[in-house]
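**Student:** The task is simple: from the sequences and hints, build the whole structure.
Protein chains: 2
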Amino acid sequence: MSIQIDYRFPPGVNAEKQANVIAIGQTVGSWDDRFSHREESFQRYLAKVIRVVTHDSGHSTATVEFPVANTEGDIGSLLTMIFGKFSMAGSGKVTAIRLPEDYGQRPMVGLSGIRDRLQVHDRPLVMAIFKPALGLTAADHTGILREVAAAGLDIIKDDEIMGNLDIAPTIDRLKACREVITQTKETTGKELLYATNVTGRAHEILDNAKRLVANGANALLFNTLTYGWSVLESLAQDPEVNVPIFMHPALAGALCGAPDHGFNYASILGTLAAHAGADAVLYPAHYGSLPFEKSEEMAIRDALRDRNVFPVPSAGIHPGVVPRAIADYGNDVILNAGTGIMDHPSGPASGVTAFFEALDRLESGRSFIIDEVPDSALKTALKKWMV
Amino acid sequence: MSIQIDYRFPPGVNAEKQANVIAIGQTVGSWDDRFSHREESFQRYLAKVIRVVTHDSGHSTATVEFPVANTEGDIGSLLTMIFGKFSMAGSGKVTAIRLPEDYGQRPMVGLSGIRDRLQVHDRPLVMAIFKPALGLTAADHTGILREVAAAGLDIIKDDEIMGNLDIAPTIDRLKACREVITQTKETTGKELLYATNVTGRAHEILDNAKRLVANGANALLFNTLTYGWSVLESLAQDPEVNVPIFMHPALAGALCGAPDHGFNYASILGTLAAHAGADAVLYPAHYGSLPFEKSEEMAIRDALRDRNVFPVPSAGIHPGVVPRAIADYGNDVILNAGTGIMDHPSGPASGVTAFFEALDRLESGRSFIIDEVPDSALKTALKKWMV
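As you go down the protein sequences, you meet chains A and B in turn.
Residue 1089 in this note's numbering sits at position 327 of the first sequence, and the numbers go up by one each step.
Residue 804 in this note's numbering sits at position 42 of the second sequence, and the numbers go up by one each step.
These are calculated hints, taken from the structure and not from any lab test.
Any given hint might turn out to be false.
Note that the list lumps identical chains together, so a pair holds whenever it fits in one copy or between two copies.
Claimed, not checked - With a straight-line cut-off of 20 angstroms between C-alpha atoms, the simulated EDC-like cross-links for lysine to aspartate or glutamate are:
| hint | residue 1 | residue 2 |
| --- | --- | --- |
| 1 | Lys1145 | Asp794 |
| 2 | Lys947 | Asp969 |
| 3 | Lys779 | Asp795 |
| 4 | Lys937 | Glu953 |
| 5 | Lys1145 | Asp1122 |
| 6 | Lys1145 | Asp1022 |
Since this is a predicted model, take the numbers as computed values, not measurements.
**Tutor:** Below, the structure is given as structure tokens:
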């Protein structure tokens, strides 16, 4: 088994030459006669250029194959090897990472486990985000959660910017929300997951995650790219953190947004996330509010589901996009809306109801043309977001 | 005190509009009448656009000021706030991060502490890298270290790709090297720092660092960008890890190499590294083997030294660049050479000697024109690398 990486170079770059720089420079480096007795050992660590293809656009893609034994089976050592020093060598973008199936980790809970915990197996899940992001008190969160819980929401999460602030400690927010979750379970029998944002320095994150779970957190949100892959890996394998971890893509654009540098989104938010142990991964939807290519979105979807990770297309999601989302995803998707639920003209509960109405309407094959939709939370949502 | 961020946009982007998207979208977000009673609280969290300047090139730079209270005083929450979601919004590059002086951490050992430990206060330090990067045994490392230690080397480090591999465990390499370091100290009185590469999942890194230090590691190397800022922060404040941490820039190009996306190098390898607790930071030298702008290098130098962090310009450093390096840095610099020491035609010891000869020659104002340099390790080096 080996690791294969595709590197795409813009026109004018000698892809073959660069690929050889990678194969040698990102593994053994050069050696001379003094080490001729180690020749055999060096050969085992060297990467190989296995293909260079030139595209019609003038771009070229080189595929380099690395020995798995050069890494520690984790994301950190993988990234150091495939793009550590070479990332600083000029233009060149990683456009595919192909790993052995047993490389890295698998989610402890995953797509199937999230469904089991919610006891929902036959439809997409609906997820909301606490908004406004900053400035609310724990009591405000309680009020919002009561409304959306009563409407049957499956999952809610902190905004990724809402951390453990002096003026709004995470544990207070969790305790306030936990009460609503318990009450909802008692009165309706329905479970609701609240992905609580876990933050801090690495040792604090690992401690905080356990403390949050011990205090009733039934899911966590983690900004993997701003805090570190290695921390996600630790959280994902900690038996005391036996709740689903939702990976937020904050900062992904700095790694993936440029045409000829960094990575494509599917490598980071698809492949690496799925091999780092995330249970669900958020990323932009191509019909949302952020610029995103459909092909990237579908590649992420597939990379995640292949390893039982729940795809969570996000940003600009509202009830009006449900037909397109379900056409792309079918049932195994989490529809994640922030303002698309919280800013519903009739309030957040109606925002949730509008999603369920949209799912029902779609399942029964009825039209989404506004004039043909009867007065309802859905119609109000379509009028706000589809015109 | 506040946090000021410069965002640079390419021609054609409405910088004022984008800056407002950042100021609102990366803090509170929008709100309506339902939350009018929290208006005052929201206002405290909102960022402000304080300046938009258009450059002759057509690029514009917007400066946005964020409240410190929106963060947890660390790098993770800072990055999530300043460039989390917005990094995915299209073109736009962070070109300056201005933090309050007390934001984040300071190095526990730092430039002055590294000098104290080495008892070298009056000249640049000379640092080598074990090469070839992979494929050597612990015994090979012992052999190399003996040679360079005898020549008076100050610091040596693992290649960043050399992790804790099954076939080459870090602890074995450390123990082998530790013996040489102890012997050198006993026979010559000279201390030598060996920056041992610490790797793994976050909880393993934190444990491994302590274990390495307990086993005699007197410095650590850490690939901060591939493993995570939050892990560096934890290492840097751990009283059991009371050795200097050398931050390696692996992956920096993926964040900083693109013209209109991500960050400039000085923000990541200068400002953030200096506020995350690193004791020394490696980065490309503009006269080295990687493409790098002098202005970025000098900005990194200043950001590091301002907080007692040792600058380590790297990649393609050899004795022939000493005059240029010292002109840029004076004494407070670590001259870090991989092949520039290890591939010296007369062997690594001569590679080290050549650096010291270069420093002596420079100090006494003698010429570096090859024909004017007497036969020496330095002359051999100049003949190999300067023609």
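**Student:** Which numbered conditions among the earlier hints are violated in the structure presented, ordered from lowest to highest?
**Tutor:** Result: hints 2, 3, 6 break, sorted rising.
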